[in-house]
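Chains A and B supply the protein sequences, listed in that same order.
No gaps in the numbering here: position 124 of the first sequence is 124 in this note's numbering, and each next residue is one more.
No gaps in the numbering here: position 8 of the second sequence is 8 in this note's numbering, and each next residue is one more.
Calculated from the structure, these hints are not laboratory results.
Every residue, glycine too, gets a C-beta built ideally from N, C-alpha and C.
Some clues are possibly wrong.
Partial list, computed: chain A residues near chain B (C-beta under 10 Å) [stated by the list, open to error]:
| no. | residue |
| --- | --- |
| 1 | 45 |
| 2 | 58 |
| 3 | 131 |
Covered, in the sense of this in silico footprint (three residues per stretch, anywhere, with C-beta under 8 Å from a C-beta of chain A), are these stretches of chain B [to be verified]:
| no. | segment |
| --- | --- |
| 4 | 11 to 21 |
| 5 | 27 to 40 |
Within a straight-line C-alpha distance of at most 27 Å, the following computed DSS-like cross-link-like pairs (lysine-lysine) qualify [stated by the list, open to error]:
| no. | chain 1 | residue 1 | chain 2 | residue 2 |
| --- | --- | --- | --- | --- |
| 6 | A | 62 | B | 6 |
| 7 | A | 14 | A | 139 |
| 8 | A | 104 | A | 62 |
| 9 | A | 104 | B | 98 |
| 10 | A | 14 | A | 62 |
| 11 | A | 109 | A | 148 |
| 12 | A | 62 | A | 139 |
| 13 | A | 109 | A | 139 |
| 14 | A | 14 | B | 6 |
| 15 | A | 139 | A | 104 |
| 16 | B | 6 | B | 372 |
| 17 | B | 98 | B | 177 |
| 18 | B | 98 | A | 139 |
| 19 | A | 148 | B | 6 |
| 20 | A | 109 | B | 78 |
| 21 | A | 104 | A | 148 |
| 22 | A | 109 | A | 62 |
Listed here are the chains, written in short residue letters.
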Amino acid sequence: MHASAEQEFNNFVKARLPALSRTAYLLTSDAHLAEDLVQTALLATARHWRRIQNNPEAYARKVLYNENISWWRRRQLQEVPLEDRTTWCDPHVELRLTLESALKQLTHKQRTIVVLRYFEDLTEAQTAHVLGISVGTVKSVTRQAFAKLRHCAPELKELLQVGDIL
Amino acid sequence: VTELLKRTLREVADEAPVSYVPSDLWAQGQRSRTRRRVAGVSAMVGALALVAGALAVGSQLNAELTPATAPSAAGSGKLSVPRQLYAPPEWMFATAEKGQYPPSATADFELGPVAAVFDRAGPGGAPVAVSATDGGYHLLALPVSSEAVRRQATGGEQWLALSPDGAQLAFAVEPSKVTPTGVIGFVDFLTGDTRLVPTQRSGTAPATLAWSPNARWLFYVGSSRQLSAGPRTGSVWGLIDTKSLTVVQEMRADPRVTPELPIAVTNDGAPVFGSANMVDGTGKRRLGYWLPSLRSVGSTGPMVALAGRAELRDTPRLWRPGKAPALARVDELRLDFQGGWTSDPLGWVPPTAAQSASAVYLLAEKAGDQEKTVVLLGGDRFQNYTRVVDVEPAIANLSVATNLLSAETSAQTVAEPDWPTPPTAGPTAGPTVGPTAGYLWYLLAGILVVASALVVVLRRRISGRVPVEALSERGPSTQLG
Numbered sequence: 001m002h003a004s005a006e007q008e009f010n011n012f013v014k015a016r017l018p019a020l021s022r023t024a025y026l027l028t029s030d031a032h033l034a035e036d037l038v039q040t041a042l043l044a045t046a047r048h049w050r051r052i053q054n055n056p057e058a059y060a061r062k063v064l065y066n067e068n069i070s071w072w073r074r075r076q077l078q079e080v081p082l083e084d085r086t087t088w089c090d091p092h093v094e095l096r097l098t099l100e101s102a103l104k105q106l107t108h109k110q111r112t113i114v115v116l117r118y119f120e121d122l123t124e125a126q127t128a129h130v131l132g133i134s135v136g137t138v139k140s141v142t143r144q145a146f147a148k149l150r151h152c153a154p155e156l157k158e159l160l161q162v163g164d165i166l
Numbered sequence: 001v002t003e004l005l006k007r008t009l010r011e012v013a014d015e016a017p018v019s020y021v022p023s024d025l026w027a028q029g030q031r032s033r034t035r036r037r038v039a040g041v042s043a044m045v046g047a048l049a050l051v052a053g054a055l056a057v058g059s060q061l062n063a064e065l066t067p068a069t070a071p072s073a074a075g076s077g078k079l080s081v082p083r084q085l086y087a088p089p090e091w092m093f094a095t096a097e098k099g100q101y102p103p104s105a106t107a108d109f110e111l112g113p114v115a116a117v118f119d120r121a122g123p124g125g126a127p128v129a130v131s132a133t134d135g136g137y138h139l140l141a142l143p144v145s146s147e148a149v150r151r152q153a154t155g156g157e158q159w160l161a162l163s164p165d166g167a168q169l170a171f172a173v174e175p176s177k178v179t180p181t182g183v184i185g186f187v188d189f190l191t192g193d194t195r196l197v198p199t200q201r202s203g204t205a206p207a208t209l210a211w212s213p214n215a216r217w218l219f220y221v222g223s224s225r226q227l228s229a230g231p232r233t234g235s236v237w238g239l240i241d242t243k244s245l246t247v248v249q250e251m252r253a254d255p256r257v258t259p260e261l262p263i264a265v266t267n268d269g270a271p272v273f274g275s276a277n278m279v280d281g282t283g284k285r286r287l288g289y290w291l292p293s294l295r296s297v298g299s300t301g302p303m304v305a306l307a308g309r310a311e312l313r314d315t316p317r318l319w320r321p322g323k324a325p326a327l328a329r330v331d332e333l334r335l336d337f338q339g340g341w342t343s344d345p346l347g348w349v350p351p352t353a354a355q356s357a358s359a360v361y362l363l364a365e366k367a368g369d370q371e372k373t374v375v376l377l378g379g380d381r382f383q384n385y386t387r388v389v390d391v392e393p394a395i396a397n398l399s400v401a402t403n404l405l406s407a408e409t410s411a412q413t414v415a416e417p418d419w420p421t422p423p424t425a426g427p428t429a430g431p432t433v434g435p436t437a438g439y440l441w442y443l444l445a446g447i448l449v450v451a452s453a454l455v456v457v458l459r460r461r462i463s464g465r466v467p468v469e470a471l472s473e474r475g476p477s478t479q480l481g
């Protein structure tokens with residue numbers, strides 16, 4: 001039974017590692033942090049495998065999201081831009097790179113909610129359930145996230161109308 | 001717009017490298033699970049040790065603050081008088097300075113109903129109360145001078161009187177240079193309140209107290225003396241309404257009445273002196289039969305009832321109103337009461353539905369062997385006798401809550417209380433670790449176990465490092481993904 005559980009876990013890791021890595025990278029915007037986040041989530045999944053083996057991915061993703069926010073809270077990291085805004089908000093770079101740069105300026109919580117809503121395609125209610133927060137909080141954080149994106153990337157202003165997004 | 005955002009997010013995600021995970025991730029997860037379980041169990045054991053240690057320390061401190069508890073009476077939940085009454089050791093009455101109460105005496109009188117109050121023969125200086133709920137012994141620091149208490153204790157009269165229900169204690173204090181009038185003090189064991197009621201006349205020295213069976217009236221008799229502690233000039237008696245705690249009557253007694261005479265008061269507040277003529281409070285009205293060896297009286301409640309104190313080797317004489325004296329010869333009693341016993345009535349048991357005749361409790365005392373016991377006399381002619389409480393000879397001026405006495409207590413046995421250790425050890429005794437110190441070790445061990453478990457669980461958080469740092473060390477293992 002033990003060997004069988006281990007085999008099931010390894011199969012799960014092989015199958016879902018790329019998807020989890022993508023999400024972790026979006027959440028952290030850093031390859032190393034994303035790797036740590038994935039390892040933490042998978043370790044927790046291995047620890048509780050017998051209890052969650054019916055739907056391990058949901059558990060792993062939940063750990064991913066919550067750990068990302070916890071790390072940020074725990075380490076009290078300050079979001080300090082490495083460059084002057086006029087430098088990284090170069091109006092001449094491609095739109096995608098601009099958006100990617102702007103996403104890095106979001107807080108972990110804002111980025112987590114944006115990723116859940118627009119990458120994982122979760123509804124506001126599902127996002128609130130996964131993160132253990134209220135729907136109102138999801139709405140307000142999303143609004144703050146887009147306000148920040150508009151501020152950091154004025155060229156995206158017309159594409160990020162709150163009324164269109166929310 | 002959302003499509004643009006989604007597409008951008010997908011493009012960013014597609015650039016993400018696949019994370020590395022070591023091949024022994026499963027084994028690490030299982031080890032982590034085991035570690036957390038061990039830490040959880042350790043924390044639970046530590047918490048239990050902590051709670052047990054705290055409880056043990058608390059109970060030990062409580063035991064040290066409370067002089068002693070009779071084991072069989074503790075926890076029974078029923079109010080009762082212990083089967084045996086023990087005198088606390090003499091050292092417990094020792095005081096650092098004259099006029100002070102012993103350190104073990106308490107001024108917190110909220111003890112609940114009390115079974116008995118007495119003095120210890122010899123040192124004295126603080127009366128002892130025995131709890132009717134847990135059998136605990138408490139030295140009382142009364143709200144008067146300890147020296148005044150000591151004088152009263154050695155005076156010989158019944159200066160302590162416990163109400164029949166054990167809820168209140170009355171005590172008599174002679175006048176002094178500080179207080180020109182005598183004082184009757186009251187201690188309410190249910191609320192912890194104390195009241196001092198001065199006598200009406202200056203120089204009145206109350207000596208003997210008696211409660212009415214319903215605890216409404218307190219009858220006192222004493223002497224009237226000059227402030228300069230001159231010779232007694234006569235007897236005075238008074239009556240206190242315990243509801244309002246006021247002296248409702250105080251007057252000079254008939255010359256034939258002396259403070260040494262036994263007294264009683266009915267539920268209606270009618271005082272009676274126990275003399276050979278059984279006079280009433282004025283000393284002028286004869287109430288009953290003439291009994292040659294009468295010394296004590298009692299009251300059953302609504303009626304005046306008198307009890308003769310007699311030497312049991314002769315003929316105990318007990319008398320109920322309206323009937324001829326009931327005489328019981330000693331050979332009708334138990335053999336162990338033959339010879340040398342004297343007795344004093346402690347209280348009366350009114351007739352009940354089950355028993356038409358009243359009964360009486362006596363404190364019987366054998367002079368030669370210094371043996372004391374409380375007996376219950378019952379039956380139509382008081383021919384039945386039951387030994388209900390054994391009293392250690394060193395106990396003096398005993399007053400018992402007679403409503404709490406029961407013949408059923410005779411089956412119980414009470415071991416001597418575990419008196420606290422004297423403060424000074426003997427010359428051969430070396431330094432020892434007391435029980436409290438032992439419990440503190442348990443407490444310390446519990447704290448250490450809990451702290452260790454917490455450190456194990458929170459180690460990574462305390463260090464502030466990224467979790468599973470071991471995983472980030474890329475070893476020779478292969479990547480699963």
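Comparing the hints with the structure gives:
| no. | hint | in the structure |
| --- | --- | --- |
| 1 | 45 | holds, 7 Å |
| 2 | 58 | violated, 17 Å |
| 3 | 131 | violated, 18 Å |
| 4 | 11 to 21 | holds (count 11) |
| 5 | 27 to 40 | holds (count 6) |
| 6 | A:62 <-> B:6 | holds, 21 Å |
| 7 | A:14 <-> A:139 | violated, 35 Å |
| 8 | A:104 <-> A:62 | holds, 21 Å |
| 9 | A:104 <-> B:98 | violated, 84 Å |
| 10 | A:14 <-> A:62 | holds, 19 Å |
| 11 | A:109 <-> A:148 | holds, 13 Å |
| 12 | A:62 <-> A:139 | holds, 19 Å |
| 13 | A:109 <-> A:139 | holds, 12 Å |
| 14 | A:14 <-> B:6 | holds, 26 Å |
| 15 | A:139 <-> A:104 | holds, 20 Å |
| 16 | B:6 <-> B:372 | violated, 100 Å |
| 17 | B:98 <-> B:177 | holds, 17 Å |
| 18 | B:98 <-> A:139 | violated, 80 Å |
| 19 | A:148 <-> B:6 | holds, 17 Å |
| 20 | A:109 <-> B:78 | violated, 64 Å |
| 21 | A:104 <-> A:148 | holds, 11 Å |
| 22 | A:109 <-> A:62 | holds, 14 Å |
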